[in-house]
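K.L.:
Listed here are the chains, written in short residue letters.
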Amino acid sequence: MIKRIVGYNLYLALKSQLAWIEFAIMNGITLLTFNTMIGDATQSASNNGFMLLQLRVLFQTMGAVLPISILGFFLEFSLQEFLINEKMLGRFEFLMANGTSLNDLWIGTALSIFIMNLITLLSMYILIIIIMLVSAKTLPYNSYFLVLWFVIYPLLNFCLSFLLSALGFIIKRGKVLLGLLMAFTLLFFFVGTYFTRHIVPNKIGPDGNVISSYTIGIFVLIIILLTVAILLLRKKITLDSTTLSIPD
Amino acid sequence: MGSEIYKRNTVNEPVILVENISKYFGSKKILSNINFIVNTGEIFSLIGPNGAGKTTTMRIILGLLTPSSGQVRVFGANSSNSKSFLKNVSAVLEKDVLWEKFTGLENISIASYIWGLDKKLAIKTANEYAELFKLDSAFKYPVYSYSKGMRRKLSIIMSLIRNPDLLILDEPNSGLDPESRIDIRETLLLFKNNGKTVFVTSHDLEEIQKISDQIAIINKGKIVLLDKTQAIIDTGMFKIIVGIGKKPDFSEIATFLKENNIPYKIEGDALTLEVKGGEETIQKITKGIVEKGYPLKEVKEKEESLESMYMKMVKEEEGEQQK
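Chains H and X, in that order, are what the protein sequence lines are.
The letter at position 2 of the first sequence is residue 263 when you use my numbering, and the numbering goes up by one with no holes.
The letter at position 42 of the second sequence is residue 44 when you use my numbering, and the numbering goes up by one with no holes.
Excised from the complex, chain H in its bound form:
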């Protein structure tokens, strides 16, 4: 049943114009940001060595901040499409009344959100790699950066998808959840950008690597905390809490 719920959600997303527009906007922002960043770095650098150092710093900082911000925006969209709207329309109640178990519905919904975000995240990675290779002719990553992109962010996406889905199943006013998510995403985006422009450049070592074991450690801690929160919230997802939180 979980597989069918995921399949159904992805089919609806595929048929949704809004999903395609959102997908295009997210990738458009990525394209614009990285193109501008590469242009600035190449113009302001006095020599090739400094330019490569600047590109490394900018690539690693923006490569860290942008995916997570875009993940936040896309989470907002997928949460609204797959959970809040479905719940408000009474589809959750309808599915549960016709044989879908609550657990399957929750896992299926969370997995749909996770997969949609993962697709966006991967498309963004591909786009960033292409821009870097075509415009800057370099891809200045380190091993920690690869761990961040391919292990930490998918895991973070997984945890956020399940945590926000759990919250969406329990609370009646789903729009509040979306509002909070938007606020956090914007906060992260602006703080991240400020951090990138004003703080990170002064703290970089001679190798220019921004992503270190320290960064990974912080994210691992966040993932552990999110996992604990999911396990605690899971107990609150009951038939009563889900059914009674469906808006009239």
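No wet-lab data here; the hints were simulated from the structure.
These numbers come from a predicted model, not from an experiment.
All residues carry an ideal CB built from backbone N, CA and C; glycine is no exception.
Hints may contain errors.
[Unchecked claim] Think about it this way: if two alpha-carbon atoms lie no more than 25 Å apart in a straight line, the pair counts; the simulated SDA-like pairs of lysine to any residue are:
(1) K433/H / K89/X
(2) K150/X / S305/H
(3) K121/X / S362/H
(4) K224/X / D501/H
(5) K264/H / K267/X
(6) K497/H / K31/X
(7) K30/X / I431/H
(8) K97/X / Y386/H
(9) K30/X / L500/H
(10) K121/X / K497/H
(11) K433/H / S29/X
(12) K89/X / S502/H
(13) K264/H / F104/X
(14) K103/X / K122/X
(15) K276/H / K142/X
(16) K433/H / E102/X
(17) K89/X / L500/H
(18) K224/X / G28/X
(19) K497/H / S70/X
(20) K497/H / N262/X
(21) K30/X / K276/H
(22) K264/H / S84/X
(23) K121/X / S277/H
(24) K97/X / S506/H
(25) K264/H / S86/X
(26) K142/X / L273/H
(27) K276/H / F104/X
(28) K264/H / K31/X
(29) K276/H / I116/X
[Stated by the list, open to error] One-sided excerpt, in silico: chain H residues whose CB lies under 7 Å from chain X:
(30) G351
(31) R352
(32) F355
(33) F450
(34) L500
(35) D501
(36) T504
[Said to hold, decoys possible] Now the stretches of chain X that chain H is said to cover, found in silico as 3 or more residues with beta-carbon under 8 Å:
(37) 61-70
(38) 115-125
Following the hints, put chain X in place on chain H, whose structure we already have.
P.N.:
Coordinates of chain X only, in the frame set by chain H:
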């Protein structure tokens, strides 16, 4: 009255067994010791005013809410613990849950995919029901262009493609035109005639009276009346007006009425009597009158019996609570 029925029907294996269920939302009592049984092949209707507890009862039966006390067994399974019974149950909720941008047929395909049904068979079944509902020509149009009645019909078709043994409907006639009501009535009766069971919650007393085998009236979380539909109808009041015809007076018929303890009133050349009873009783009386050579001028039910019984039960309950 409820407990009598409850005891009376336990001989057969019930489809739904509701046993002493109560439900609290916080400290507020929503349902209080609800008992009833729905047997195979019958249409059971739960009626009551808004906020009486109909939907909560239905949700508990479907396992969407857990009762605070008591238990509900559907096809022998406890609806709070096991969801296995739901494979034999289809539910049509008050809100029509359809995919607006897709056509009627695509809606059937999506639903059959989610439920893991054979798509071809589901579409074939849906087409058969659509023909019955006169919805087949609309199947190729997107759902947003459907009227309320068409949406309702599509929701019912969608639930029937699962070929359930028990169909649960919440307010199936809400906001529908008479033609759609008739279509839904005929489909439910057809479903019942195939040995399947139907549980309906509704406000539409006229339709309920026409289709139900058993009716329960719920008010403020309590079952205030539970009986066979015929038994409820039999409590109806009929007004019979008899003409004098070629007879010199009403003496002959007056003796017959006195013998049967039926009060009457003579005004000019018309004799009026008001009788409480069902169709059988009324037929017996009118036959007696006609056999005596008096013409029947008018025989009519004074009030909608279910409606009057409903109003009486609901008001009585309110009166008792005020005391």
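K.L.:
With reference to the structure, classify each hint as holding or not holding.
P.N.:
Each hint tested on the structure:
no., hint, result
1, K433/H / K89/X, "violated (28 Å)"
2, K150/X / S305/H, "violated (65 Å)"
3, K121/X / S362/H, "holds (22 Å)"
4, K224/X / D501/H, "holds (21 Å)"
5, K264/H / K267/X, "violated (74 Å)"
6, K497/H / K31/X, "holds (22 Å)"
7, K30/X / I431/H, "holds (20 Å)"
8, K97/X / Y386/H, "violated (42 Å)"
9, K30/X / L500/H, "holds (19 Å)"
10, K121/X / K497/H, "violated (36 Å)"
11, K433/H / S29/X, "holds (19 Å)"
12, K89/X / S502/H, "holds (23 Å)"
13, K264/H / F104/X, "holds (22 Å)"
14, K103/X / K122/X, "holds (22 Å)"
15, K276/H / K142/X, "holds (17 Å)"
16, K433/H / E102/X, "holds (23 Å)"
17, K89/X / L500/H, "holds (18 Å)"
18, K224/X / G28/X, "holds (18 Å)"
19, K497/H / S70/X, "holds (17 Å)"
20, K497/H / N262/X, "violated (66 Å)"
21, K30/X / K276/H, "violated (44 Å)"
22, K264/H / S84/X, "holds (21 Å)"
23, K121/X / S277/H, "holds (23 Å)"
24, K97/X / S506/H, "holds (16 Å)"
25, K264/H / S86/X, "holds (19 Å)"
26, K142/X / L273/H, "holds (18 Å)"
27, K276/H / F104/X, "holds (10 Å)"
28, K264/H / K31/X, "violated (39 Å)"
29, K276/H / I116/X, "holds (17 Å)"
30, G351, "holds (4 Å)"
31, R352, "holds (5 Å)"
32, F355, "holds (4 Å)"
33, F450, "violated (32 Å)"
34, L500, "holds (6 Å)"
35, D501, "holds (6 Å)"
36, T504, "holds (5 Å)"
37, 61-70, "holds (count 6)"
38, 115-125, "holds (count 4)"
Checked against the numbered hints listed earlier, the structure breaks hints 1, 2, 5, 8, 10, 20, 21, 28 and 33; every other hint is satisfied.
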